[in-house]
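Visitor: Chain order of the listed sequences is A and B. Quick note on our numbering: the first sequence kicks off at 361 and runs consecutively. Quick note on our numbering: the second sequence kicks off at 2 and runs consecutively.
These are computed hints drawn from the structure, not numbers from a lab. Here the structure is a predicted model, which means the values were calculated and not measured. Just so it is clear, CB atoms sit at the ideal spot from N, CA and C, and this is done for glycine as well. Misleading hints may appear alongside valid ones.
What the hints assert, rightly or not - To give an idea of the chain A side of the interface with chain B (calculated C-beta under 8 angstroms), a few residues:
#, residue
1, 368
2, 489
3, 491
Said to hold, decoys possible - Chain A side only, calculated, beta carbon under 10 angstroms to chain B, not exhaustive:
#, residue
4, 367
5, 372
6, 399
7, 476
What the hints assert, rightly or not - Okay, derived cross-link-like pairs now, DSS-like style, lysine-lysine, Cα gap no bigger than 27 angstroms in a straight line:
#, chain 1, residue 1, chain 2, residue 2
8, B, 155, B, 109
9, B, 155, B, 74
10, A, 372, B, 232
11, A, 372, B, 231
12, B, 122, B, 109
13, B, 74, B, 109
14, B, 231, A, 364
15, A, 364, B, 155
16, A, 414, A, 436
17, B, 231, A, 434
18, B, 109, A, 364
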Amino acid sequence: MIFKQLIELVRKEMLVLVRDRQTILLLFLMPVALIFFMSLALEGVWADKLVGRKISMVVDNQSRSYQANLLAGKIKAHALIVPVERPAGADVDRIFAEGTAQAVVTIPPGFEEGDRPVEIRFDPVMDASYRIAARSLITSLAVEVVMGVDNLEAVVSGLVVEQAAPTGSCPRLCSRRFRPTPFSRCFLSPFPCPSVS
Amino acid sequence: MNALDISSVTFCYDGSPAPALRDFSMAVADGRTHALLGPNGAGKSTLMRIITGQLQGQTGGVSVYGLRMPDSKALSFIGCAPQPISLYPSLTARENLRFFGAMAGMSKDQIASRSDWALEKTGLAESSEAAVASFSGGMQRRLNLAAALLHSPKLLLLDEPSAGVDPQSRNHMYDLLMELNAGGVTILLCTHMMEEAQRLCSGLTLLDRGERIYDGRMSDIGNLEEFFLKKTGRGLRDL
């Protein structure tokens, strides 16, 4: 097909399209509908991780020891946790079935002696990565209590520090900040930056 | 020279137990108007599609003005008005003709002048800027014919051109076809209307179940409908 015919074909298709209001409507509505429904389907997948949505949690302190009370208090006071009271007579399955809470933490008798671990149960529909995050949080709080540390995060952050690569200014054309490594190149030139060599 | 030569064409659709055309031959002399008649499912439309190259894979040969198909030059000699209305309803009559003219490789000036001529001849000059969707069945049929005439074909293939058309449009179309034939255009007319075939055509080929059952002059036949029923039978042809 020669170019002129192709142009004429495109022109005809555009005319047909422009005059068919239903098709135009569908062309614009379908992607909008797709985005809308996909956003509903994927709701929370990213929000959980990026925004930090809170977890509703029942804390069942069966130990009532000093350390158990301390741990229960830390969990309930944490910014990412919404403490929920267990409804009278409700077992774990019913709590999840009724949507009362997303997780149940049980501090069993003997926790303070190290005989039994803290137990966590999650709502089965909860996102797996979210479970890991919640489990890490409870673990770190338990470590704080067992080790007698007030703020484990502050202690750990002092042990390992991420060191940023040294930066400098490109002396040539771009005058941007750059990281001088043997492979550094000027932003505006394909050659290695002279400040490196 | 014959405008159209079909020799021993056999064609079978995929999955079909019987061939749609079986060892079919016919010829249409240059400048003649020839009728191709047959009951539903006889193979008329299949033959039309083979002539225009829309269907391929047949045995035998098809030649248009001595050029064996498929041939791009031979195709440029053919104007085809298929049975289904082959127009874009949302475009105007002139826009439709412009598109078909461009696809036939005509220049802008040629398209403009031939469109004026074809619209005038088919009685659609006043409706040229109206959308085809607003046209009556007769107007759409006439525009379908106008599109086939746009590139000045030497051989015109018409597949039931007057189906669903009122007597006024039909007679207008007959006059136009006779005028075209007088001007040297060869016409192969596929129709179920016996009076139409008898009025317009000098030659006749009868086709049934993919086979030629009669080929001769129209003037040799008295009552065409009686002749047709005698040759093809009175039984219903439900496919």
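Visitor: Determine for every hint whether it applies to the structure shown.
Guide: Now the hints, each set against the structure:
{"no.": "1", "hint": "368", "verdict": "4 angstroms, holds"}
{"no.": "2", "hint": "489", "verdict": "51 angstroms, violated"}
{"no.": "3", "hint": "491", "verdict": "56 angstroms, violated"}
{"no.": "4", "hint": "367", "verdict": "8 angstroms, holds"}
{"no.": "5", "hint": "372", "verdict": "5 angstroms, holds"}
{"no.": "6", "hint": "399", "verdict": "34 angstroms, violated"}
{"no.": "7", "hint": "476", "verdict": "73 angstroms, violated"}
{"no.": "8", "hint": "B/155 / B/109", "verdict": "21 angstroms, holds"}
{"no.": "9", "hint": "B/155 / B/74", "verdict": "12 angstroms, holds"}
{"no.": "10", "hint": "A/372 / B/232", "verdict": "46 angstroms, violated"}
{"no.": "11", "hint": "A/372 / B/231", "verdict": "48 angstroms, violated"}
{"no.": "12", "hint": "B/122 / B/109", "verdict": "20 angstroms, holds"}
{"no.": "13", "hint": "B/74 / B/109", "verdict": "20 angstroms, holds"}
{"no.": "14", "hint": "B/231 / A/364", "verdict": "52 angstroms, violated"}
{"no.": "15", "hint": "A/364 / B/155", "verdict": "25 angstroms, holds"}
{"no.": "16", "hint": "A/414 / A/436", "verdict": "12 angstroms, holds"}
{"no.": "17", "hint": "B/231 / A/434", "verdict": "102 angstroms, violated"}
{"no.": "18", "hint": "B/109 / A/364", "verdict": "10 angstroms, holds"}
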